[in-house]
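Asks: Given next are the chains, with one letter for each unit.
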Amino acid sequence: MTFRCFETWISHLTRRSVYVDATLPDQSGYDPVGRVIRRDLGDVEKVMYGAPQIKSLRPPPRSAAFLRRDARVMPRRTEAAARGAAVYSDMIVAIAQRGDRDAFASLFSHFAPRVKSYLMRMGAVSEAAEELAQETLLTVWRKASVFDPSRAAASTWIFTIARNLRIDLARKDNRPIPAEDPSVERPLPAAPEALLAVAQDEVLIRRAIATLSDDQAQVIRLAFFSDKPHAEIAEDLGLPLGTVKSRLRLAMARLRVRLESLQ
Amino acid sequence: MTSSHHPSTAVLVDYAAGTLAIGQVFVVAAHLGACPSCRADVERIEAVGGVFLNDLPPEKLAPDALSRALAQIERPAPASTVMQARADWITVPRDVLEAARRRRRWAAPGVWVAPVTKGPGDLRTYLLRVAPGMSVPRHTHRGSEMVCVLKGAFVDGAHTYARGDFAYSDGDVEHCPVVTRDGECVCLVAAQGALIPRDWVGRVFQPFVGI
Ligand SMILES: [Zn+2]
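Chains Y and P supply the protein sequences, listed in that same order.
Going by numbering that gives the first Met the number 0, the first sequence opens with residue 0, and the numbers climb by one from there.
Going by numbering that gives the first Met the number 0, the second sequence opens with residue 0, and the numbers climb by one from there.
One or more hints might be untrue.
[Said to hold, decoys possible] So the derived label-pair ranges between C-beta atoms look like this:
#1 Y:ALA230 to P:ALA61: 52 to 60 Å
#2 Y:THR210 to P:PRO62: 38 to 46 Å
#3 Y:PRO239 to P:PRO57: 32 to 40 Å
#4 Y:PRO239 to P:ARG104: 37 to 45 Å
#5 Y:SER125 to P:GLY182: 24 to 32 Å
#6 P:ALA161 to Y:VAL124: 24 to 32 Å
#7 P:GLN71 to Y:VAL124: 15 to 23 Å
#8 P:ARG67 to Y:SER149: 29 to 37 Å
#9 Y:ALA209 to P:SER134: 46 to 54 Å
Calculated directly from the structure, the hints in this document are not laboratory data.
Ideal placement from N, C-alpha and C gives every residue a C-beta, glycine not left out.
Starting from the given sequences, assemble the full structure and let the hints guide the process.
Replies: Laid out in structure tokens, this is it:
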């Protein structure tokens, strides 16, 4: 039953059928298993496992002091600014509906410099961050028809694209996959509409964030900008792991309540 | 094992922020495919990420950044496959199905494994199939282990993990999960460090698994 819901959800997300029954011969004409596996198994193991580690994206780790400072100085913008956020959703829709290059240019000017900023905070060097910011905005153009303004804010959607591209790149550094291999596109489920009628509204999300305690907001910010899982964040902050986990749990509970009660 | 059958909030935050290893992403993604409430949590956390992104001080771009982008926008998008399904499993990331098709090997009577990804470090992500009623030999782990049940169910201590359930254990847990009698169980596992067998069956079993 969950599967049925998920199927509906994912085809909604991609506006195309992505399902292949592995127990049946593929009838769509599209080779569902992609390029890599047409090689023999030995090759696959080499491609998957034998690759040298390349660390092009990662400069030396930053200190805990830097992270703490970074978390504090992140500016909070006003709600008035956030109200303008709906404009960006409209731009994505304009791209989807009529290939609006002016809308793309505006969207690019606002988000590309911020995506670059995000990627540099996550450890990318300037050139790599710029490349990936380019790729992020190009993906916005290509996938604009998949964006649904009733489900997510433009900023949320663009954030997830940048995040996914970054993970794909790190993955390719780890074990190279041919660039044209369709599997480099990373699968990431998102929430069903019914449960999330509110997350598309940036003003409401901002209000929900404002209800978090400083401690809670700090661990969430660090989760997003330190390129480290929560266990390492706890170490950097000199806090017991349990403390960080409970702050995240409380923050989530608060977001859940705030975003649900506003529906 | 934790008994909640869902990833902790901390794991969902790591997932949303993009700081999990790819193998762990696969395990969590498989669970999210089957669990609307965790999916909603992840989407709320992502919405917070979007607000943070919007608030970042912009970084200077190359002067020709926009013109370069505009010159490239007509380039066709790469093929997209996102998640895939097979009739008898919950929906999984494409790489997982690929592993099941191409890298499956019998590890012991009734047991097959199929490596999905390796690394970073000693993280191994693999599919594990165990026959109905069979138990995985008693073992502990050197590090954490994330599991999502793709098909069937297993019992671990007082808890039953069924299709779609998520289980997490860390290094100090010793256990011997038993597959229920009504059918085979297929799990997606991302485990840090090798299994450490705790009885002779396990010691015999381990070299065959060789994950
Ligand atoms: Zn769940």
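Asks: Mind checking the hinted window 32 to 40 Å against the Cβ distance between Y:PRO239 and P:PRO57?
Replies: Given about 37 Å between the Cβ atoms, the range holds.
Asks: Taking the CB of P:GLN71 and the CB of Y:VAL124, does the distance hold inside 15 to 23 Å?
Replies: With a Cβ separation near 22 Å, P:GLN71 and Y:VAL124 satisfy 15 to 23 Å, so the hint holds.
Asks: Does the Cβ distance between P:ARG67 and Y:SER149 fall inside 29 to 37 Å?
Replies: holds, 32 Å
Asks: Take a look at whether the Cβ-Cβ distance between Y:ALA230 and P:ALA61 falls inside 52 to 60 Å.
Replies: This hint is violated: roughly 37 Å between Cβ atoms.
Asks: Measuring from beta carbon to beta carbon, are Y:THR210 and P:PRO62 in 38 to 46 Å?
Replies: Cβ of Y:THR210 to Cβ of P:PRO62: about 42 Å, so the range 38 to 46 Å holds.
Asks: Between P:ALA161 and Y:VAL124, does the C-beta distance stay in 24 to 32 Å?
Replies: Given a distance of about 46 Å, which is not inside 24 to 32 Å, the answer is violated.
Asks: 37 to 45 Å was suggested as the range; check whether the CB atoms of Y:PRO239 and P:ARG104 agree with it.
Replies: holds, 42 Å
Asks: Using the beta carbons of Y:ALA209 and P:SER134, state whether their distance is inside 46 to 54 Å or not.
Replies: This hint holds: roughly 51 Å between Cβ atoms.
Asks: Indicate whether the distance between the beta carbons of Y:SER125 and P:GLY182 respects the range 24 to 32 Å.
Replies: At 54 Å between Cβs, range violated.
Of the numbered hints stated above, those contradicted by the structure are hints 1, 5, 6, listed in ascending order.
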